[in-house]
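Undergrad: Chains H and W, in that order, are what the protein sequence lines are.
Number 28 in the working numbering belongs to position 28 of the first sequence; there are no gaps in the numbering.
Number 235 in the working numbering belongs to position 235 of the second sequence; there are no gaps in the numbering.
Everything labelled a hint here was simulated from the structure, so no lab data went into it.
Among these hints, one or two may not hold up.
Derived CB-CB ranges, DEER-like [stated by the list, open to error]:
{"no.": "1", "chain 1": "W", "residue 1": "V258", "chain 2": "H", "residue 2": "Q465", "range": "27 to 35 Å"}
{"no.": "2", "chain 1": "W", "residue 1": "V258", "chain 2": "H", "residue 2": "E135", "range": "52 to 60 Å"}
{"no.": "3", "chain 1": "W", "residue 1": "S208", "chain 2": "H", "residue 2": "H424", "range": "52 to 60 Å"}
{"no.": "4", "chain 1": "H", "residue 1": "H386", "chain 2": "W", "residue 2": "E108", "range": "25 to 33 Å"}
{"no.": "5", "chain 1": "H", "residue 1": "H43", "chain 2": "W", "residue 2": "K248", "range": "49 to 57 Å"}
{"no.": "6", "chain 1": "W", "residue 1": "S153", "chain 2": "H", "residue 2": "G339", "range": "20 to 28 Å"}
{"no.": "7", "chain 1": "W", "residue 1": "S305", "chain 2": "H", "residue 2": "G269", "range": "14 to 22 Å"}
Derived BS3-like pairs (lysine-lysine); straight-line CA-CA distance at most 27 Å [to be verified]:
{"no.": "8", "chain 1": "H", "residue 1": "K288", "chain 2": "W", "residue 2": "K313"}
{"no.": "9", "chain 1": "H", "residue 1": "K335", "chain 2": "H", "residue 2": "K132"}
{"no.": "10", "chain 1": "H", "residue 1": "K309", "chain 2": "W", "residue 2": "K132"}
The C-beta atom is built at its ideal place from N, Cα and C for all residues, glycine as well.
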Amino acid sequence: MKFSNYLTQGFYDELFDEQGIPRPGAQLLINKIESLPANDLIHKQKSAETALLQLGNTFAVYGSEEGTEKILPFDIIPRIIDNGDWHILEKGLKQRIYALNLFIDDVYHDRKILNDKIVPEDLIMSCTTYRKQCEGLNPPGKIWCHVTGTDLIRDTDGKFYVLEDNMRCPSGVSYVLENRQVLKRTFPHVFADSKVRPVDEYPNKLLATLESLAPDTVPSPKIGVLTPGMYNSAYFEHSFLAQQMGVELVEGQDLVVSDGFVYMRTTRGLQRIDVIYRRLDDDFMDPKAFRPDSMLGIPGIMEVYRNGKVAMANAPGTGIADDKAVYAYVPKIIKYYLGEDAILPNVPTFICRDEKDRAHVLENLDKLVVKAANESGGYGMLIGPHASQKEREEFALLIQKNPRNYIAQPTISLSRVPTIVDGHFEGRHVDLRPYILYGEEIYVLPGGLTRVALKKGSLVVNSSQGGGTKDTWVIGDDRGDGTLTSEPHFQSYPATFESESQSQSQSPPQSQSPPQSQSQSQSQSEPGGPRHSFGEGYSQSQSGSPLSSSSQSQMQSSSGGSHA
Amino acid sequence: MLSRVASSIYWMTRYIERAENIARFISVNLNLTLDFPSEASRQWQPIVMATGDHALFEKKYGTDYSSRNVINFLALDQDYANSIISSLRAARENARSVREIISSEMWEQVNRYYIELKDSAKTDFPNRNPHKFFKIITMRGHMFTGLLYSTMSHGEAFQFALTGLLLERADKTSRILDVKYFMLLPRAGEVNTPYDSIQWAAVLKSASALEMYRKRFHRIIPKQVCDFLIFDGEFPRSIRFCLKKAEKSLHNISGSPVGTVSNMAEKSLGRLCADIDYSDIDEIIDIGMHEYLDGLQVKINSVGSHIHDAFFKAIPPQS
Numbered sequence: 001m002k003f004s005n006y007l008t009q010g011f012y013d014e015l016f017d018e019q020g021i022p023r024p025g026a027q028l029l030i031n032k033i034e035s036l037p038a039n040d041l042i043h044k045q046k047s048a049e050t051a052l053l054q055l056g057n058t059f060a061v062y063g064s065e066e067g068t069e070k071i072l073p074f075d076i077i078p079r080i081i082d083n084g085d086w087h088i089l090e091k092g093l094k095q096r097i098y099a100l101n102l103f104i105d106d107v108y109h110d111r112k113i114l115n116d117k118i119v120p121e122d123l124i125m126s127c128t129t130y131r132k133q134c135e136g137l138n139p140p141g142k143i144w145c146h147v148t149g150t151d152l153i154r155d156t157d158g159k160f161y162v163l164e165d166n167m168r169c170p171s172g173v174s175y176v177l178e179n180r181q182v183l184k185r186t187f188p189h190v191f192a193d194s195k196v197r198p199v200d201e202y203p204n205k206l207l208a209t210l211e212s213l214a215p216d217t218v219p220s221p222k223i224g225v226l227t228p229g230m231y232n233s234a235y236f237e238h239s240f241l242a243q244q245m246g247v248e249l250v251e252g253q254d255l256v257v258s259d260g261f262v263y264m265r266t267t268r269g270l271q272r273i274d275v276i277y278r279r280l281d282d283d284f285m286d287p288k289a290f291r292p293d294s295m296l297g298i299p300g301i302m303e304v305y306r307n308g309k310v311a312m313a314n315a316p317g318t319g320i321a322d323d324k325a326v327y328a329y330v331p332k333i334i335k336y337y338l339g340e341d342a343i344l345p346n347v348p349t350f351i352c353r354d355e356k357d358r359a360h361v362l363e364n365l366d367k368l369v370v371k372a373a374n375e376s377g378g379y380g381m382l383i384g385p386h387a388s389q390k391e392r393e394e395f396a397l398l399i400q401k402n403p404r405n406y407i408a409q410p411t412i413s414l415s416r417v418p419t420i421v422d423g424h425f426e427g428r429h430v431d432l433r434p435y436i437l438y439g440e441e442i443y444v445l446p447g448g449l450t451r452v453a454l455k456k457g458s459l460v461v462n463s464s465q466g467g468g469t470k471d472t473w474v475i476g477d478d479r480g481d482g483t484l485t486s487e488p489h490f491q492s493y494p495a496t497f498e499s500e501s502q503s504q505s506q507s508p509p510q511s512q513s514p515p516q517s518q519s520q521s522q523s524q525s526e527p528g529g530p531r532h533s534f535g536e537g538y539s540q541s542q543s544g545s546p547l548s549s550s551s552q553s554q555m556q557s558s559s560g561g562s563h564a
Numbered sequence: 001m002l003s004r005v006a007s008s009i010y011w012m013t014r015y016i017e018r019a020e021n022i023a024r025f026i027s028v029n030l031n032l033t034l035d036f037p038s039e040a041s042r043q044w045q046p047i048v049m050a051t052g053d054h055a056l057f058e059k060k061y062g063t064d065y066s067s068r069n070v071i072n073f074l075a076l077d078q079d080y081a082n083s084i085i086s087s088l089r090a091a092r093e094n095a096r097s098v099r100e101i102i103s104s105e106m107w108e109q110v111n112r113y114y115i116e117l118k119d120s121a122k123t124d125f126p127n128r129n130p131h132k133f134f135k136i137i138t139m140r141g142h143m144f145t146g147l148l149y150s151t152m153s154h155g156e157a158f159q160f161a162l163t164g165l166l167l168e169r170a171d172k173t174s175r176i177l178d179v180k181y182f183m184l185l186p187r188a189g190e191v192n193t194p195y196d197s198i199q200w201a202a203v204l205k206s207a208s209a210l211e212m213y214r215k216r217f218h219r220i221i222p223k224q225v226c227d228f229l230i231f232d233g234e235f236p237r238s239i240r241f242c243l244k245k246a247e248k249s250l251h252n253i254s255g256s257p258v259g260t261v262s263n264m265a266e267k268s269l270g271r272l273c274a275d276i277d278y279s280d281i282d283e284i285i286d287i288g289m290h291e292y293l294d295g296l297q298v299k300i301n302s303v304g305s306h307i308h309d310a311f312f313k314a315i316p317p318q319s
């Protein structure tokens, strides 16, 4: 298959520049693809899909009676990021995560940033993601956000912007690892020659991060991945990560609090657990501390956590840093704590609680994307240019009624990557979610999840709305380890908290560049209290069938797997 | 290992074995129809009686024990918790929750088994060609058990799988024997007629025991059939064989030698095994075959409850 008819159509293309010349790092791959006999690429695409199905990273299709499992659509043409771009991304992400962690710790302790009026106090206090229960908490090493999956997009000018900080339970890293497995087999030689940096280290790095949270007094800490259960759409990932790290996969019902510790129920009685990688939202963690109706959590676990007898990643309360209204302040947050300008810019954001911003938003609804501040996954969102007059009017009312709850952003045109469509290449829009681990050091996985909107012209990359994934190649310099390539910056952000926050004079409120064109990618942070499992207590209680009769003994049965 | 995981594995194999054995006791009658086509129709009721769930059947189908109704009830009825399809759904759900523990071959097998069964339930295949249908069910069960033995490490999880499978099989062999009791119940006069021995042969065939039985006892004599299916020390579906192997598995889990007791499950199963070791077929005939089997099933159920208490419900000490 040839790229000769491939058009970038004025968008930033990740593989070709505007003259149609392959970008640095992409040449080898493109030569390879063009040299393949006709149909060979299609064949490779099919075998990649089969391989993924066999690897088992499937999601159940709910509501479908057949219980069929599907793979997330996958396109074998990778997205390539050259070393220079990656270096900036890595530095920028480390800076951002480091500052946001300081911010979370500050918000739940001294509130210096609020007292200095850098971020409005009432904004923080009115966030639904603010957890009063977390005030004064001291997580190990003062690190709150151990795993982050920041959503980035690239505009027509080729510049990366942060779209969202997912600091609660970002999902998708299992796709990164499995896509890579498959693509290595698809283009083995190109791989070696292009010096693609490996991603396989992730489970080890994650394990090391989790181990670093255990108290020093525990020589070999017991670690578990906490999943909402097998009805959660990301269950495969939870199980995959547990398997890759060789740790237990636990559900809330497997854990119990007793004498100030958290224990697992095992066949040999109760066994202490020291570190929990939770893939369950704060709200559902502990019915005694948060939502009392949660059936997925562990009653009393927050008390144990507060006393430092169990560690959790991420710490409860991190959601405050990825609230969409707080997002707008992140450049100021970085400036405040680090005295530096943000390396990675935000998408310009209008905060509707601000009168001037609000007026601008209401006037330009047809050009802007409006988002509800506390929603994720594309809920409560208006894509102005694509909306009807009636929808825009409805949103105008919503904004006026509850301005605090809304932000607006210009529509950014996402960059594109060639994608196989009906036997030829067409450009499709992508975003990028790198994964950042914060343990004894900050580590950025060289690569990340590239989500691609498979529908022509679509900018919505969510899997629920026709999105797929691509492998992401960071073309490296053979050092192969995310932490090694970044000494200068790595040293400036030690893992240990070195207190003193510098008050900086602030630049005037959020600069607002004029609206551009096009639409937005929506976030896909894992809904902690999963739609599918909440309330569907999965229990294996044992009982005889209650309706059988008489002297005849009945078959014993378990309700295993049934929905109570 | 986690209690929940152990429980899921134990129930996964129990349900797979249950599905297979329901196919087996339906095939008692299918075997009879081959030998005695005219008699077959009257024999569907005893099969339902042997499950102990006849009240459930009658609630839905009345007293019309036609082959279609019985096959629909025992094999395809999704509202009946012990039907083949419900058992498989439960097996699959349990397997799904422990996918990281079992081999992918086992998961794929149970998944495909369930999906194919659902598909065939939509056609009239089970009623049109019941011989073939129930044969497939039985073979699917064997495939799963084969994968269990040959693709999963024989560690703690495997021992739970085996314990579940063997207890279920012991229970179901007793029920296959019981089918014969219910067949004879209304017609005591038929004892020792040629028809009687054809029925006994059908029972043996359903337990895949006919050839192995003939090697040991040659001719079909009711007492010896019972002796074989209850006491034989070598036949892998005899009740004694299953219980003794289950006992071994339980002790593999705790690490304590057979003959000692480290938990209530071992105690109740050990006692049941000793009981079988020290009784014989004459004693059972004195008690009454059906009464004996009924008591046995109750005891097997209570072993199950003790396993549940010992392993599946770790509870923190009350403070």
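Undergrad: Does each hint fit the structure? Answer for all of them.
TA: Structure-based check of each hint:
1. W:V258 - H:Q465: 27 to 35 Å: Cβ of W:V258 to Cβ of H:Q465: about 59 Å, so the range 27 to 35 Å is violated.
2. W:V258 - H:E135: 52 to 60 Å: holds, 57 Å
3. W:S208 - H:H424: 52 to 60 Å: Given a distance of about 58 Å, which is inside 52 to 60 Å, the answer is holds.
4. H:H386 - W:E108: 25 to 33 Å: Roughly 42 Å apart at Cβ, these two residues miss the hinted range, so it is violated.
5. H:H43 - W:K248: 49 to 57 Å: Once the Cβ atoms are compared, 51 Å apart, the range 49 to 57 Å for W:K248 and H:H43 holds.
6. W:S153 - H:G339: 20 to 28 Å: Given a distance of about 56 Å, which is not inside 20 to 28 Å, the answer is violated.
7. W:S305 - H:G269: 14 to 22 Å: For H:G269 against W:S305, whose Cβ atoms are near 18 Å apart, the range 14 to 22 Å holds.
8. H:K288 - W:K313: Between H:K288 and W:K313 the Cα gap is close to 22 Å, so the pair holds against 27 Å.
9. H:K335 - H:K132: Between H:K335 and H:K132 the Cα gap is close to 26 Å, so the pair holds against 27 Å.
10. H:K309 - W:K132: Not satisfied, since the Cα-Cα distance of roughly 59 Å exceeds 27 Å.
Taken one by one, the earlier hints fail for this structure at numbers 1, 4, 6, 10, listed in ascending order.
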